[in-house]
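Given the coordinates of chain R, assemble chain H onto it according to the supplied hints.
There are 2 protein chains.
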Amino acid sequence: MGLRVARLRRLVLERLMRYYRFLSEGRGRRPAPTVTSAEIADALDIDPTQVRKDLGAIGLLGMGRVGFDACEICRAIRIVLGFDQPYHAVLVGAGHLGTALMAYARFSQYGLNVSAAFDTDRRKIGHLVAGRRVRSTRTLASYITRHDIRLAILTTPVEAAQKVTDRLVAAGIEAIWNFTPTRLTVPPNVFVRNEHISLGLSELAYHLTHLDVTRR
Amino acid sequence: MGLRVARLRRLVLERLMRYYRFLSEGRGRRPAPTVTSAEIADALDIDPTQVRKDLGAIGLLGMGRVGFDACEICRAIRIVLGFDQPYHAVLVGAGHLGTALMAYARFSQYGLNVSAAFDTDRRKIGHLVAGRRVRSTRTLASYITRHDIRLAILTTPVEAAQKVTDRLVAAGIEAIWNFTPTRLTVPPNVFVRNEHISLGLSELAYHLTHLDVTRR
Chain R
0 MGLRVARLRR LVLERLMRYY RFLSEGRGRR PAPTVTSAEI ADALDIDPTQ
50 VRKDLGAIGL LGMGRVGFDA CEICRAIRIV LGFDQPYHAV LVGAGHLGTA
100 LMAYARFSQY GLNVSAAFDT DRRKIGHLVA GRRVRSTRTL ASYITRHDIR
150 LAILTTPVEA AQKVTDRLVA AGIEAIWNFT PTRLTVPPNV FVRNEHISLG
200 LSELAYHLTH LDVTRR
Chain H
0 MGLRVARLRR LVLERLMRYY RFLSEGRGRR PAPTVTSAEI ADALDIDPTQ
50 VRKDLGAIGL LGMGRVGFDA CEICRAIRIV LGFDQPYHAV LVGAGHLGTA
100 LMAYARFSQY GLNVSAAFDT DRRKIGHLVA GRRVRSTRTL ASYITRHDIR
150 LAILTTPVEA AQKVTDRLVA AGIEAIWNFT PTRLTVPPNV FVRNEHISLG
200 LSELAYHLTH LDVTRR
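Protein chains in written order, with numbering that gives the first Met the number 0: chain R, 0 to 215; chain H, 0 to 215.
Keep in mind that the hints were calculated from the coordinates and are not lab data.
Owing to the predicted nature of the structure, the values given are computational and were not obtained by experimental measurement.
Glycine included, each C-beta is placed from N, C-alpha and C at the ideal position.
One or more of the hints may lead you astray.
Among the chain H residues that face chain R by a calculated CB cut under 8 angstroms, a handful are [to be verified]:
hint, residue
1, E13
2, C73
3, A174
Chain R on its own, in the form it takes in the complex:
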């Protein structure tokens, strides 16, 4: 299945993720075992034809009016997105955001397991943060090599971001989940996903400003 969907675009991935979240988290306590594309489309505000197309692309065919088996959809998406194969990550920067991310239990549902946290701050090293003992960044490279870690979560201060990235890349990391506002420079074989939390702020600020305008 991996090869067939190798070229799924970012937008398709995001939609599959939304279907997954809706089916696994969003339908209340006792969800029906089947779901129609119209129901998914309605709940997520997506065109129903698009939903059927996406599900068709990962090999799922609905049964007329009955719709789709919800478990079947979740299972297929788990396989396509790789959630069925747990993967380990290191987290660098055990500050507030780093702690919040480690404490977020739901990540395991997506296959992610943060196996170690690193920091340069002596007051943190050796102490438990969200149930994990914080290690010195001096031991970062050897830890990555020893445990064959492929993903790193970056929650350092801006100033340290590129320096840490260089060390991660040298140690063989293949993907970085970047929560710093820094635009990282990496070789082409390393994948970076930037998480711009402040991006949402622009939309909110714009909305509030615009509301003000219409009010006056």
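Below, chain H without anything else, positioned relative to chain R:
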């Protein structure tokens, strides 16, 4: 200016925000006072024609080869997005993520000021979290009314999300920045921005899985 750009679409907003971040944070310690659309386009991997179009839409015209005054661009974007008018927000749910968001000093740069934090946990109420005293959610509605707060940041557990939202809406909140995975039900005059942090995970997991496939 507010009226002229009233219908800016989400994608345009996101690009403007990226220009803003690049110009205010991303160009190193001693950035040049001018910047060309080609430089911005190259740094952010956007088509240069699009950059010129976006800047034109908010009333900016470049000066041939010299390009744009970087400060001028930032100033224009601040006005369009409303960052020049500081706005106050309440945060509900003073857990790890809530604390991380309050501690993130850069938000003030976008006009956001988290003026109070609320929680139901007695062990937190009255204590300082990221420099703010945590208040009981019982006082939430009266605080919002008294201080004319328009924006709320939602970082509660999933189970509490809708209940808290109903109280926020009843108290007159106009926009909610939702960090819970819950799809909130709100009246049409309330704006919700959902922050799906786990969405990024799907892309990372997919990338790592796909790499595995090509390796074999």
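Holds or violated: A174 (chain H) as interface residue toward chain R, Cβ cutoff 8 angstroms? Where the cut-off is 8 angstroms and the nearest Cβ of chain R is about 5 angstroms from A174 (chain H), the hint holds.
Does C73 (chain H) hold up as a contact with chain R if the rule is Cβ-Cβ below 8 angstroms? Violated: closest Cβ of chain R sits about 13 angstroms from C73 (chain H), beyond 8 angstroms.
Supplied contact hint for E13 (chain H), tested at 8 angstroms Cβ to chain R: holds, 6 angstroms
Checked against the numbered hints listed earlier, the structure breaks hint 2 alone; every other hint is satisfied.
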